[in-house]
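Each chain, letter by letter, is given below.
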Amino acid sequence: MKLIRINGDKFNFEFTPAEKDILLEVLNRYPLVPEAHHRLTKDKRLPDQQENQHLLDEALKAQKLANKKEITALLNEIGRFTVCPNGFRVFFTRGEIEWLLQVLNDVRVGSWIALGSPDPESGKKILFSEKILPHFRMMELAGAFEMVFLDALSGRAQG
Amino acid sequence: MPATAFPEVLPGIKQDQQTDSADELEPGYVVICWDDPVNLMDYVTHVFQVVFGWERKKAEKHMLEVHHEGKSVLARESLEKAEFYVHQLQKYTLNATLERDEK
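Protein chains in written order, with the working numbering: chain A, 1 to 159; chain B, 1001 to 1103.
Keep in mind that the hints were calculated from the coordinates and are not lab data.
Each hint should be verified, as a subset may be incorrect.
Said to hold, decoys possible - Heads up, simulated DSBU-like pairs for lysine-lysine below, C-alpha to C-alpha not over 35 Å straight-line:
| id | chain 1 | residue 1 | chain 2 | residue 2 |
| --- | --- | --- | --- | --- |
| 1 | A | 42 | A | 2 |
| 2 | B | 1071 | A | 42 |
| 3 | A | 20 | B | 1103 |
| 4 | A | 42 | A | 69 |
| 5 | B | 1081 | A | 20 |
| 6 | B | 1103 | A | 69 |
| 7 | A | 125 | A | 61 |
| 8 | B | 1057 | A | 68 |
| 9 | A | 131 | A | 10 |
| 10 | A | 64 | A | 2 |
| 11 | A | 68 | B | 1061 |
What the hints assert, rightly or not - Label pairs and their calculated CB-CB ranges:
| id | chain 1 | residue 1 | chain 2 | residue 2 | range |
| --- | --- | --- | --- | --- | --- |
| 12 | A | 61 | B | 1041 | 23 to 31 Å |
| 13 | B | 1064 | A | 123 | 33 to 41 Å |
| 14 | B | 1027 | A | 50 | 21 to 29 Å |
Just so it is clear, the structure is predicted and the values come from calculations on it, not from any experiment.
Idealized CB from N, CA, C, for every residue including glycine.
Construct the entire structure; sequences and hints are all you get.
Structure (structure tokens):
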């Protein structure tokens, strides 16, 4: 997957057929992060804490529902992916890339949680087994797509 | 789907007939981002730029503080604004919370 050109607000990417399949597979896993992962505060003394936590939970739930609908619409939009000699071309606007980053990172963090939240720096390593390999794969793939989009937004990727 | 459309859901606004309390309006809260070994450094920098409108250099400084110190105070705000920022950061799945400003 690579950035081909930036045309105004449109970022044009080229995918091989395998890359397109993998991106769709990753996006289809969304959402993965459990609701309880998001805490408003660690402080037990805050005013209206329970109510405010509830409001945050509801807002994030609504956001994820909206994101899920957008994924379905995006993946089924006629003309979004066009066939080219190397596979497919697709454009995303800057706003869509921001939204895709949120979706991809949810899949990345959710997969990391499913792996047992490993932290190699503190000695909490991943204990590999066949059972956890799909989570590891999903975490790495989501991260790889994030980097492509971040490079595109930052101008590091050459169009 | 329109090419420029993307979902934006803001935190719920509770109906309140009373004036906001001083506690909600005074800048007595800090927004903290905690270290999470899963989030990519470039990603965290990018999110700080988007959410706070910071230049890359400032965003990187806070990202590195999160990485090396385990956390970074990103803003000192009223309760309402701090909640807003926490929600924005959590939309990107960053590990962010608001805490009382003990300073």
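- Message: Need the list of violated hint numbers for this structure, in ascending order.
- Response: 1, 3, 5, 6, 9, 13
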